[in-house]
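Engineer: Kindly generate the complete structure, drawing on both the sequences and the hints.
Chains as they are written, first to last, in this note's numbering: chain A, 1 to 191; chain B, 1 to 309.
Derived from the structure by calculation, the hints contain no laboratory data.
Predicted model, so just to flag it, every value in this text is computed and none were measured.
Just so you know, even glycine gets a beta-carbon here, dropped at the ideal spot from N, CA and C.
Do not rely on the hints blindly, as some may be mistaken.
In silico lysine-lysine, BS3-like type, Cα no more than 25 Å apart, as pairs [what the hints assert, rightly or not]: (1) Lys6(A) with Lys67(B); (2) Lys78(B) with Lys119(B); (3) Lys63(B) with Lys16(A); (4) Lys77(B) with Lys61(A); (5) Lys191(A) with Lys196(B); (6) Lys181(A) with Lys63(B); (7) Lys180(A) with Lys253(B); (8) Lys178(A) with Lys63(B).
Counterexamples of contact, computed for chain B against chain A with all Cβ distances above 12 Å [unchecked claim]: (9) Asn5; (10) Ala68; (11) Asp99; (12) Lys196; (13) Lys224; (14) Glu246; (15) Glu249; (16) Gly260; (17) Cys290.
Chain by chain, the residues run as shown.
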Amino acid sequence: MEYHEKTPIADARKYKLGDVIYITGQLVLARDEAHKKLLEEGAPIDLKGSVIYHCGPVVTKRNGEWKVVAAGPTTSIRMEIFEDQFIEKFHPAIIVGKGGMGEKTLKALKEHGAVYAAYTGGCGALAAERIKSVKEVHFLDELGIPEAVWVFNVEEFGPLVVTMDAHGNSYYENVDEKAKKNLESILKNIK
Amino acid sequence: MEVINFFMLVMKFFLILQTMPPQVICMIDEIVEAIRRAETELSEDTVAALKKAYEKETNDMAKTQLKAIIENFTVAKKSSLPMCQDTGLQTFFIDMGYDFPYRKELKSAITEAVRRATKEVPLRPNAVHPFLHKNSGDNTGRFVPYIHWELREGDDVVIHVIPKGGGSENMSGLYMLPPGVGIKGIKKTVVEHIFKSGGKPCPPTIIGVGIGGGADLALTLAKKAAILRPIGSRHEEDFVAQLEDELYEMANKLGIGPMGLGGDTTVLDVHVEYAHRHPATLPLGIVTQCWANRKRKVMIDANGHVEVV
Numbered sequence: 001m002e003y004h005e006k007t008p009i010a011d012a013r014k015y016k017l018g019d020v021i022y023i024t025g026q027l028v029l030a031r032d033e034a035h036k037k038l039l040e041e042g043a044p045i046d047l048k049g050s051v052i053y054h055c056g057p058v059v060t061k062r063n064g065e066w067k068v069v070a071a072g073p074t075t076s077i078r079m080e081i082f083e084d085q086f087i088e089k090f091h092p093a094i095i096v097g098k099g100g101m102g103e104k105t106l107k108a109l110k111e112h113g114a115v116y117a118a119y120t121g122g123c124g125a126l127a128a129e130r131i132k133s134v135k136e137v138h139f140l141d142e143l144g145i146p147e148a149v150w151v152f153n154v155e156e157f158g159p160l161v162v163t164m165d166a167h168g169n170s171y172y173e174n175v176d177e178k179a180k181k182n183l184e185s186i187l188k189n190i191k
Numbered sequence: 001m002e003v004i005n006f007f008m009l010v011m012k013f014f015l016i017l018q019t020m021p022p023q024v025i026c027m028i029d030e031i032v033e034a035i036r037r038a039e040t041e042l043s044e045d046t047v048a049a050l051k052k053a054y055e056k057e058t059n060d061m062a063k064t065q066l067k068a069i070i071e072n073f074t075v076a077k078k079s080s081l082p083m084c085q086d087t088g089l090q091t092f093f094i095d096m097g098y099d100f101p102y103r104k105e106l107k108s109a110i111t112e113a114v115r116r117a118t119k120e121v122p123l124r125p126n127a128v129h130p131f132l133h134k135n136s137g138d139n140t141g142r143f144v145p146y147i148h149w150e151l152r153e154g155d156d157v158v159i160h161v162i163p164k165g166g167g168s169e170n171m172s173g174l175y176m177l178p179p180g181v182g183i184k185g186i187k188k189t190v191v192e193h194i195f196k197s198g199g200k201p202c203p204p205t206i207i208g209v210g211i212g213g214g215a216d217l218a219l220t221l222a223k224k225a226a227i228l229r230p231i232g233s234r235h236e237e238d239f240v241a242q243l244e245d246e247l248y249e250m251a252n253k254l255g256i257g258p259m260g261l262g263g264d265t266t267v268l269d270v271h272v273e274y275a276h277r278h279p280a281t282l283p284l285g286i287v288t289q290c291w292a293n294r295k296r297k298v299m300i301d302a303n304g305h306v307e308v309v
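Structural biologist: If you want it as structure tokens, here you go:
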């Protein structure tokens, strides 16, 4: 299935593994330090039904206006240490990043009806093209450009592929298992 | 404040002008241009390989990933913006004639070009002090930009501009194998390495394999094989070319696919280079290059005439 969604998203339980989502509305950036900060101090904006993006963007200021230069995803597994608490506290609908996440996050997604979606690694220019403007930025002075909580207005941001659903299924486990079987048969036939 | 900054900039400009011949100023301009093109225009061989992979791919999930990658480098080129937010560690492989007249100025020209490119392209500042955690802010620092020098006959120079992303560099490997494992052991180690890397280095990747020499040489050969050789090229010696074909087939049978989401395209190519080894050692260096295979060449002749390709 292909979805073209507007934020906030009311029901993420409908998404299945392999579904492709394009987002219009608001995208909230949070990576390592931002997760920590928001958990400690609370969120300055309502995150219920939001789309959270693991990303450290390249942003410049020209003539007093922010311009997003490149904004591809960063590796999500680093956020595994606190993503379950983040989901429990703020109830986002979709977590977007690269490479998938672990058991703890998978369980929290199931409990709170959220999904994890992968955005293609390295696609910083495509992402920047779909980011129409910077709505606001929080904790910029403390955390710096790559770590701050940016809120971007986006149009048709994607493709985001659902790889961990709200029912306890992870696409990564399936691919890993298959690759492991393939490896075994390749190794057997090496001459 | 702005006035002072402007004044400093003008002063710096005059200082550089005074100490550098005009040919060197021109060289700096062209190196900045080569960095900009490397970061914003994906190399032609990689574009062709990714488009071919998209046509051939049978897995739907893999097709969405390859399509996004193709859209991404198309947008990057059109808007002249970096294709990835990780603009890499600024790396230069230099192939220089003994008689190139500007060899003395080349290192400072490259460093100055990196500083300028950081502002002008712009690049993400990617040079961090390992102990103090401080980012230098301009992509320069101790031993960076990294410059690798090689000398040969002639009076010209070729500068390979190869900014290297951190995600794929993390998936490098050095294996000091017991020589007894032979070529079979090498094949096994390479395939296992690609399996273990999974989706982390942003596949489809280009794998460079360096065999022999010492630990450092094996990795240098692997990096040159991965990045400097065009995708689809084969080693001039048959048995090495055969090994490249075999490793390419095996890697793509793993089914890891683009971004590790499954599919037929795990690697775009595998290149192998080798050196004679010590009887007691069999070093195997593996370098992984992500799909954002950024590379441009600056060619400068003895008169200071510069060309970027």
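Engineer: Hints first: check each against the structure and report whether it holds.
Structural biologist: Here's how the hints hold up against the structure:
no. : hint                     : result
1   : Lys6(A) with Lys67(B)    : holds, 23 Å
2   : Lys78(B) with Lys119(B)  : holds, 20 Å
3   : Lys63(B) with Lys16(A)   : holds, 18 Å
4   : Lys77(B) with Lys61(A)   : holds, 21 Å
5   : Lys191(A) with Lys196(B) : holds, 21 Å
6   : Lys181(A) with Lys63(B)  : holds, 23 Å
7   : Lys180(A) with Lys253(B) : holds, 11 Å
8   : Lys178(A) with Lys63(B)  : holds, 18 Å
9   : Asn5                     : holds, 15 Å
10  : Ala68                    : violated, 4 Å
11  : Asp99                    : holds, 40 Å
12  : Lys196                   : violated, 9 Å
13  : Lys224                   : holds, 22 Å
14  : Glu246                   : violated, 9 Å
15  : Glu249                   : violated, 9 Å
16  : Gly260                   : violated, 6 Å
17  : Cys290                   : violated, 6 Å
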